[in-house]
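**Q** Chains as they are written, first to last, in my numbering: chain E, 15 to 192; chain U, 15 to 192; chain D, 15 to 192.
Hint data in this document are derived by calculation from the structure and do not stem from the laboratory. Treat the hints with care, as some may be off.
Since the list gives no way to pick out one identical chain from another, each pair is judged satisfied if it fits inside one copy or across any two copies.
Unchecked claim - No more than 25 Å apart at the CA atoms, straight line, and that leaves these computed lysine to aspartate or glutamate pairs for DMTMM-like:
#	residue 1	residue 2
1	91	64
2	131	145
3	138	64
4	29	184
5	125	158
6	104	145
7	34	64
8	104	181
9	130	181
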Amino acid sequence: MPEKMGTLTLESPAKEELQKISGLSMVVFSGDLDTVLAAFIIANGAAAMDLPVSMFFTFWGLNVLRTEGPVALKEPKTMMEKMFGWMMPKGPNKLTLSKMNMGGLGTMLMKKEMVKKNVYDLPKLIRTAQEQNVRLIACTMSMDIMGIRKEELLPGLAFGGVGTFIDVADRSRMTLFI
Amino acid sequence: MPEKMGTLTLESPAKEELQKISGLSMVVFSGDLDTVLAAFIIANGAAAMDLPVSMFFTFWGLNVLRTEGPVALKEPKTMMEKMFGWMMPKGPNKLTLSKMNMGGLGTMLMKKEMVKKNVYDLPKLIRTAQEQNVRLIACTMSMDIMGIRKEELLPGLAFGGVGTFIDVADRSRMTLFI
Amino acid sequence: MPEKMGTLTLESPAKEELQKISGLSMVVFSGDLDTVLAAFIIANGAAAMDLPVSMFFTFWGLNVLRTEGPVALKEPKTMMEKMFGWMMPKGPNKLTLSKMNMGGLGTMLMKKEMVKKNVYDLPKLIRTAQEQNVRLIACTMSMDIMGIRKEELLPGLAFGGVGTFIDVADRSRMTLFI
């Protein structure tokens, strides 16, 4: 009998529930180069340790996911949407530092230094994240406000609203707002 | 006997403890319109999913909770406290974007676009949060430093120091610094 | 038999696993005085409640840990590394507010007000954190990019990369990016 009790799995529901809560969820709100670099370095670090990682791109963070080339839009943009599109940086190569940008000089020097010190640049960090199955989610509400369409963003993204983020974050051990 | 064992609740302490850790706690440190909008959208999203939500307003975030009208103060302010009060935005309608503010033009255009796209404005998001029982906590240490009094803030707030935040956050699954 | 069942500790693995997840981990990315003050106030608050606390200093946050005096370097710096060193604030006394700095005036007034209201200044908050065994970790990748050497930083630090942070954060209940 004691043997049998030793193999009882009565406690499994709590353990299972605990195990279901794992990994990292981030809101990427900022669109500054330095902040976004930090976000992807953390994301890739966690993914390399086999943890599930989700990144939810909202507001300025959405600009990280934009592609550079002009694309044919299914629906034309309003004047306001076009203006937002012109004023905001188009993709990872256009982001600038939040500090010491100095008209682009600081950003350029920082990028050079990163190459010299063998740190991945942002486009490579994004590719690595996708290869490591980091889930990149574009916030549909921000897309709607800023007039950014799916066809203007990277391939391979997921799309969702705040409910999607809460759902994922509630099953993560680590949550960050970046 | 197996039936009886099936109803054993031996594992409940761990499960109960796990269930006690739920919901979302945020530090709202920023007083920028875009960041605060994100905070309230996330808070309302979580509350709509029946999760307990607490927001702890500190430093610049405290300005979100200020009311616009002049109020009779129980104790007069020092010159420094008056200055802080004048220089910082008084309530949700006075906040500006962290980027692309362009002397107020960018903030105005963003607000217009949000109305057009049927996104709640900040005052409505705050009201909704209160209706959904999101707990809004004003940081008493920040109030003390900035000379902001209870009578200058929204009704229905809780008040507390950092210990209050840690206490709430330690029982939350999700924690964000915004 | 029921008595024996009442003392079964079958559920302990889940409970133990849950207890192993405790305390607070932060990424301190920002190097602004106001943000860093908030980080240390939260850290000290959690430590005072006997929770394990780790702070991971990366990017601009690394400047918080720099000492003021000139130090003899084991290896000379490159021109770029010297430039980064000159341009970034050297230690807690050189940080400025993210808003209302007004060429240093705002920062000075805020510091005065904090003294008057009996709030610890940043150097004292750092000392208190170290006395309370808050683990201060300097990000080695940021040190490498910015050319900051161990001998230029506070004594008593730990050093690590993103893996170190994930490892600690994954065993924390609360995680913040500041």
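**Q** Now, for every hint given, state plainly whether the structure supports it.
**A** Evaluated hints:
1. 91 to 64: neither (41 Å within a copy, 37 Å between copies)
2. 131 to 145: For residue 131 and residue 145, the Cα distance is within 25 Å only inside one copy (23 Å; across copies 35 Å).
3. 138 to 64: For residue 138 and residue 64, only the intra-copy Cα distance (19 Å) is at most 25 Å; the inter-copy one is 39 Å.
4. 29 to 184: Result: close both inside a copy and across copies, 16 Å intra and 16 Å inter.
5. 125 to 158: between (32 Å within a copy, 13 Å between copies)
6. 104 to 145: Cα proximity of residue 104 and residue 145: one copy only (22 Å, versus 39 Å across).
7. 34 to 64: both (14 Å within a copy, 20 Å between copies)
8. 104 to 181: neither (29 Å within a copy, 34 Å between copies)
9. 130 to 181: neither (40 Å within a copy, 27 Å between copies)
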